[in-house]
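Number of protein chains: 4
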Amino acid sequence: MSGSSFGKLFQITTWGESHGTGIGVVVDGCPAGLALCEEDIQVYLDRRKPGQSRFGTPRKEDDAVTIQSGIFEGRTAGTPISMVIYNKNHRSADYSEIASYYRPGHADYTFDCKYGFRDYRGGGRSSARETAGRVAAGAIAARLLAAAGIHFLTYVKSIGPVTVDPARFDAREISQNPLAMPDAAAAAKAGEYLERCMKAQNSAGGVVECIVTGVPAGIGDPVFDKLDAQLAKAVFSIGAVKGFEIGDGFAAAQADGLTNNDAFYYDENGVLRKRSNHAGGILGGISDGSELVFRAAFKPTPSISAVQETVNKKGENITVQVKGRHDPVIVPRAAVVVEAMAALTLADWMLADMGARFEDFLQRYQHEGQ
Amino acid sequence: MSGSSFGKLFQITTWGESHGTGIGVVVDGCPAGLALCEEDIQVYLDRRKPGQSRFGTPRKEDDAVTIQSGIFEGRTAGTPISMVIYNKNHRSADYSEIASYYRPGHADYTFDCKYGFRDYRGGGRSSARETAGRVAAGAIAARLLAAAGIHFLTYVKSIGPVTVDPARFDAREISQNPLAMPDAAAAAKAGEYLERCMKAQNSAGGVVECIVTGVPAGIGDPVFDKLDAQLAKAVFSIGAVKGFEIGDGFAAAQADGLTNNDAFYYDENGVLRKRSNHAGGILGGISDGSELVFRAAFKPTPSISAVQETVNKKGENITVQVKGRHDPVIVPRAAVVVEAMAALTLADWMLADMGARFEDFLQRYQHEGQ
Amino acid sequence: MSGSSFGKLFQITTWGESHGTGIGVVVDGCPAGLALCEEDIQVYLDRRKPGQSRFGTPRKEDDAVTIQSGIFEGRTAGTPISMVIYNKNHRSADYSEIASYYRPGHADYTFDCKYGFRDYRGGGRSSARETAGRVAAGAIAARLLAAAGIHFLTYVKSIGPVTVDPARFDAREISQNPLAMPDAAAAAKAGEYLERCMKAQNSAGGVVECIVTGVPAGIGDPVFDKLDAQLAKAVFSIGAVKGFEIGDGFAAAQADGLTNNDAFYYDENGVLRKRSNHAGGILGGISDGSELVFRAAFKPTPSISAVQETVNKKGENITVQVKGRHDPVIVPRAAVVVEAMAALTLADWMLADMGARFEDFLQRYQHEGQ
Amino acid sequence: MSGSSFGKLFQITTWGESHGTGIGVVVDGCPAGLALCEEDIQVYLDRRKPGQSRFGTPRKEDDAVTIQSGIFEGRTAGTPISMVIYNKNHRSADYSEIASYYRPGHADYTFDCKYGFRDYRGGGRSSARETAGRVAAGAIAARLLAAAGIHFLTYVKSIGPVTVDPARFDAREISQNPLAMPDAAAAAKAGEYLERCMKAQNSAGGVVECIVTGVPAGIGDPVFDKLDAQLAKAVFSIGAVKGFEIGDGFAAAQADGLTNNDAFYYDENGVLRKRSNHAGGILGGISDGSELVFRAAFKPTPSISAVQETVNKKGENITVQVKGRHDPVIVPRAAVVVEAMAALTLADWMLADMGARFEDFLQRYQHEGQ
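Line by line, the protein sequences are chains Z, L, P and G. Note that the first sequence covers residues 8 to 377 in my numbering. Note that the second sequence covers residues 8 to 377 in my numbering. Note that the third sequence covers residues 8 to 377 in my numbering. Note that the fourth sequence covers residues 8 to 377 in my numbering.
Chain Z extracted, bound-state conformation (with noise of 0.2 Å):
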């Protein structure tokens, strides 16, 4: 079945495996008119990109995007937006015996279950590669949406047991440490933990937070459709995400429902606002013009080289060390993933939402049909 696509109105599409030509995407329904180039895709990829830390897999991938149609004159034409980066330093020859086994924590296994074979090369289809694709396109998603006012900050909340002191939150400190933590202190200790990882041929999780500012009231659809459950779903399909949260998410479940309950109040110019954002932006599926606020737990990279147990196809339990260039943690380089699924849903749910009211519709088309 075809699951590469994401969105109802603002559609993409990706394709591409880790060792084939490149990686893809097809954007499909952006409005016409909006100013685009490659390098406003570029320094979204920028941030996804390996090779930028000790942290990360010290492969080196540039991640040029080539932007190749629905663009004229510097503009949208509305037609779609292809893209691709292409592949360029991957060494087959490093995955031969990949192929014989299924690496523990991977989709080796379930491919071949569902395919009846698989793409061993570099992870195939299911290469966190496959993430650029969404990354070029969450791009113009965020140019689309910053137009409107609305911005993302994204970054690492914890890593493994270290986590963000709130008290010491710096959102400048996010692009000033290579683990993109708001806290000096949580990433240099966040630092010294991975170090002890590396050097134990294993690796870490962590959780990414997002939150969006200058969202509308009244995006999101109240049943099915709910804004909580698109965003769950667009951060869910990111590989290695294990768990999803709203507002106080799990906390929540614990709390009572007078602490829980955002009091509304009118502010000195009228303005309805709510006393706290346990909810996260969200009431009913619907955006209520507060932040949002959400979380996603990343387990730790399936990668290692230390020895584990698994079984080979020829029906034997043996050990292995996956060899190759491994992130020891893949969270810093995830979240701005994260950031572009949750614009990719905004902007889709933002179209939807414009024919949402009779008057509007009315105002749109009354004087064009007379």
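FYI, nobody ran anything at the bench for these hints, they're computed from the structure.
Identical copies carry no separate label here, and so any pair may be met within one copy or between two of them.
In the BS3-like style, the derived pairs of lysine-lysine whose C-alpha atoms are separated by at most 30 Å in a straight line are:
#1 Lys-56 x Lys-206
#2 Lys-281 x Lys-206
#3 Lys-196 x Lys-206
Predicted, not measured: the structure shown is a model, and the values here were computed from it.
Given chain Z, work out where chains L, P and G should sit, using these hints.
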């Protein structure tokens, strides 16, 4: 935008408000030939219906389902199955005051933002009563899955601060206590906690856990339509859900890779198994043949009788006490809704997977096309 | 597979068989705030209902619609609008024999091939009665479009060999004769033709033409979702349709380019117009602001009482005379179904077009996101 | 809105303009394990490419396809298959004048109405070149169908006023003449007609007929997704199509029921057959096991060098002669596009039908779920 449909092949569409004619659902795409009668649906609905314990709303609703189409001579005909649960015990007079203000924690304000006005009687479309349609549809999906050996065990894992003790886990207990907890001692403690909540005109949340056995390996798609992403959306679309996790979930973010990877091995019969199930039964978005294990966090019921700050539509800051017959906790009744959404998701993707391999396509059609 | 839904944003889902509880439809995605009551729907259904002339089935069905949800205080609430038309005048006894054989020209055989069995009473799901749900939904779409100045003129252009004479075209005639033809003389001749068909226990087909005025330029998508492609699918999904054409249609295939191209010009008010409308109002899949003109060819009603060859399920070649109350011609009653499907298509794509331009997106959201 | 995708399970997404990098398509949902190489695609593209006869554009385009993903060791991997046909022989200078006015019969004006501006080079996205992506994708679908014994015979039935004589029908002729007509005499006459068109700087239309053999009974859905409705949409989405009919099509509207009904009978081997095929292989929207027969009417190529009236964007009425290398007739090259769209439609619905029956679901999953 049309957001009241769920599923691609096994698709459901729900309709209805708390105080209209009733709650309905159309199930389209159920395979033809499945034996089905109203009683098969009713047993599911009975797990959801209110008025069953002192911890639920004292409203009595018998929630009797009527099948209106799609069944012929006791079997599904392949055509849409329309079901309705007529509303009976509604007293619209209760809700007149609610029209004038926004209840904290409810969708009143966001509905007005989106649509310009709202059906304020009993929550209208955002009422928890909307889930009756999901449960009726989920009962059909579950019946389909049961024929393939897939079964669900769904229960309340925690209420407020009280959590089930894994060492005392007893599945038979689930139907023995009004809180659907698999641990009699925890249920007793949670009951005491709820009594205190009720006295304080307050409410509680909790966590539902669902275990699915018998799911074949190979279900789900590798990119945007990962099985866990679909489950996340399905479950997050239930009102009051604030978090979703699979397998070790958020705890996995703190683990290291060597611990978190589930080692494969062949058992004495040569069957491939995993030594652990931190993954919760899904690798790379595709089921791996082990149990699916996932959890949903529900916030405390927002409808409470305690005094709360809020605003009215005249632009005033006011305090309110929301009258009515409220559930102090929704979680025990929500368990079957979680199960229904999971069943719908699995049925949809198992149908989709039937065409994943060329050899299956060939087997189905080669003899016919000659 | 779920094939009983139509539309992407303005989506309808129909259910029901000829002899079950009734025929129903759920309309999801209608903008909130449109004034709507049952009478608005009923006037459309009355154009479709049987028993209105000697050329239709003598069955009396009042086809009264009930709205079950989605309307609050006389306006659409943005939530699903469920409507049902209960079955009344069905006599299942009539159909017992039909279960044993396959009626020529009907879906009996193909339903058995697809689903393994079928609801043989009155055609089950493949009954023309299924279209009642489309008409009820189409009435809502038409009301939405009317508010934007879009109107439909739908009529019978030909019955069997008798065609309307363009020189005698009179729109007022359409409601004056039982055949919905805009030409009294043609209607009289067609009536005579039908009398002969009825005496011979035979039936007739015909062509419906639909003219839509007031459609703004710019509706439809340029590639797979061309407006004419969507209309083609919409109209072809009506039972018994065997052909669809727009503008000059099949005649255009015989014309030359210079004749067939519609020349543009500015009229005295500087408004862009076309000297002709061979295109039927769509260029490159997008509406051009002139009238939409399209036609659907309906085959003769397959239910006839004349002796026919066929087979039974025991493997025998037999002859049959299909009993029952048949329409000798379905075309006059089908006109409103064609109109309904066109209205649904236009409503869907006009909603979609609201987000086609960045400037519209900006106008809708820029002030909010600040 | 995203309108560049087609299909639900076997889904394609096309991108590209006449004068950008190239024309591309992503095929998502093709079953895994189908042997496939570029040459399989190229043979289809070669049937569409220009420059093959004196009746097509003299432009030389070799239209060589490159597969970029989704194939592993010579077989489809179940993941998206990305293909691109790079643009080569474009001379943008030719089109500078076209930017200033609206060509009659083209989508220039409607693109401006929809998007506010357009890529005017070579028709941009509305160029017939867009169909190359469909053909590349259709080649894969056709290969899948061929494995199940389904084959296509597609040809030109008429050009302008010249129609194939059924008495002289010879399938081998189709590849023997440049007009793809199965009748040498008709092809010769059509050739003379086209010579006259070319001298007059005019163009011609025509009709394509497609016969599909080997389609199993039971494909298609009974209501909105009737197989003929899907084919109608698929074929009508090809630029320049103005009419579509199946079986007897518009002629059926003039026939009587007794004649038009196809009588069933069992042949000497006990196989159910039909005495005739007025229906064109589909009853009630579901294939009946006989040949699918349908036709598409193409309007004359709108690009002609004769003098035409039109308007420019300055608000003036002008006359133009559209320069460039035009096809005097597009129909022979369009035949393979019609075939491609039909193959895509059938592949999609055959995959969907795999889950239509409970017994098939059970056979696929029962043994696994234990």
